[in-house]
Amino acid sequence: MIFDEADILEFIRQGENTSVEFKEKESRAESIAKEIVAFANKDGGSLVLGVADDGTISGISEDKNYEEWIANIARNNVIPAICTEFSLVSVGEKKVAVITVPKGKDKPYQTTEGKYLIRVGTTNRVATQPELLRLFQASGAFHYDLTPVRNTGIKDLNMTKLDNYFQRYHFDFSQENEEQKKNFLQNTDILAVNGEGAC
Numbered sequence: 001m002i003f004d005e006a007d008i009l010e011f012i013r014q015g016e017n018t019s020v021e022f023k024e025k026e027s028r029a030e031s032i033a034k035e036i037v038a039f040a041n042k043d044g045g046s047l048v049l050g051v052a053d054d055g056t057i058s059g060i061s062e063d064k065n066y067e068e069w070i071a072n073i074a075r076n077n078v079i080p081a082i083c084t085e086f087s088l089v090s091v092g093e094k095k096v097a098v099i100t101v102p103k104g105k106d107k108p109y110q111t112t113e114g115k116y117l118i119r120v121g122t123t124n125r126v127a128t129q130p131e132l133l134r135l136f137q138a139s140g141a142f143h144y145d146l147t148p149v150r151n152t153g154i155k156d157l158n159m160t161k162l163d164n165y166f167q168r169y170h171f172d173f174s175q176e177n178e179e180q181k182k183n184f185l186q187n188t189d190i191l192a193v194n195g196e197g198a199c
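In this text, residue positions in the sequence shown follow the numbering used here: the first is 1, and each later residue adds one.
It is worth saying that the hints were derived from the structure and are not from the lab.
None of the values given here were measured: they were computed from a predicted structure.
Some clues are possibly wrong.
Once the Cα atoms are required to be at most 27 Å apart in a straight line, the calculated DSSO-like pairs of lysine-lysine come out as [to be verified]:
| id | residue 1 | residue 2 |
| --- | --- | --- |
| 1 | LYS115 | LYS42 |
| 2 | LYS105 | LYS42 |
| 3 | LYS25 | LYS103 |
| 4 | LYS25 | LYS94 |
| 5 | LYS64 | LYS95 |
| 6 | LYS42 | LYS25 |
| 7 | LYS161 | LYS181 |
| 8 | LYS94 | LYS64 |
| 9 | LYS155 | LYS182 |
| 10 | LYS115 | LYS103 |
| 11 | LYS181 | LYS42 |
| 12 | LYS95 | LYS115 |
| 13 | LYS103 | LYS42 |
| 14 | LYS115 | LYS161 |
| 15 | LYS115 | LYS181 |
| 16 | LYS181 | LYS155 |
| 17 | LYS115 | LYS25 |
Given these sequences and hints, build the entire structure.
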């Protein structure tokens with residue numbers, strides 16, 4: 001996507017929101033990675049470098065290769081790596097960079113610190129357990145045959161093995177109460193809604 005000065009001024013007029021975040025040029029790689037992860041785990045967005053939170057245009061240094069820096073962050077500080085688009089825009093005498101983050105195809109994304117973040121309004125927050133499970137489900141990370149096994153139920157499932165499996169996704173299945181376990185097993189297609197076990 002190509003941006004021009006009018007686009008930047010419109011971003012500033014609207015202010016930060018669900019799909020736009022301003023960052024000054026001094027931002028650390030970890031901070032940029034968090035923004036990329038949060039946007040990728042939701043519907044994507046634009047990160048504008050060289051604009052303060054209040055909309056003041058500070059600009060970015062022309063001595064630094066921001067395009068390469070951002071590409072390295074998206075590759076090395078985001079798991080799994082994601083491709084972003086980079087635009088350099090002149091606004092008056094200053095330069096502003098726009099990083100376009102797509103809606104992620106390989107959700108959920110996390111930082112190298114293991115944080116799964118999502119964009120909520122103008123902020124990023126760590127995904128709650130239900131939000132994280134929805135991200136895993138949307139990604140197709142849980143693959144089970146949808147045909148129920150007749151005359152079986154939750155009592156026939158090996159809870160220890162299920163807990164070990166979900167631990168790989170940083171989900172403590174054993175800590176859920178019985179109703180939560182049942183709902184979770186139904187949501188992941190391990191248990192049919194009628195209570196029968198899935199293959």
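Against the structure shown, which of the earlier numbered hints fail to hold, in ascending order?
Hint 12 contradicted; others consistent.
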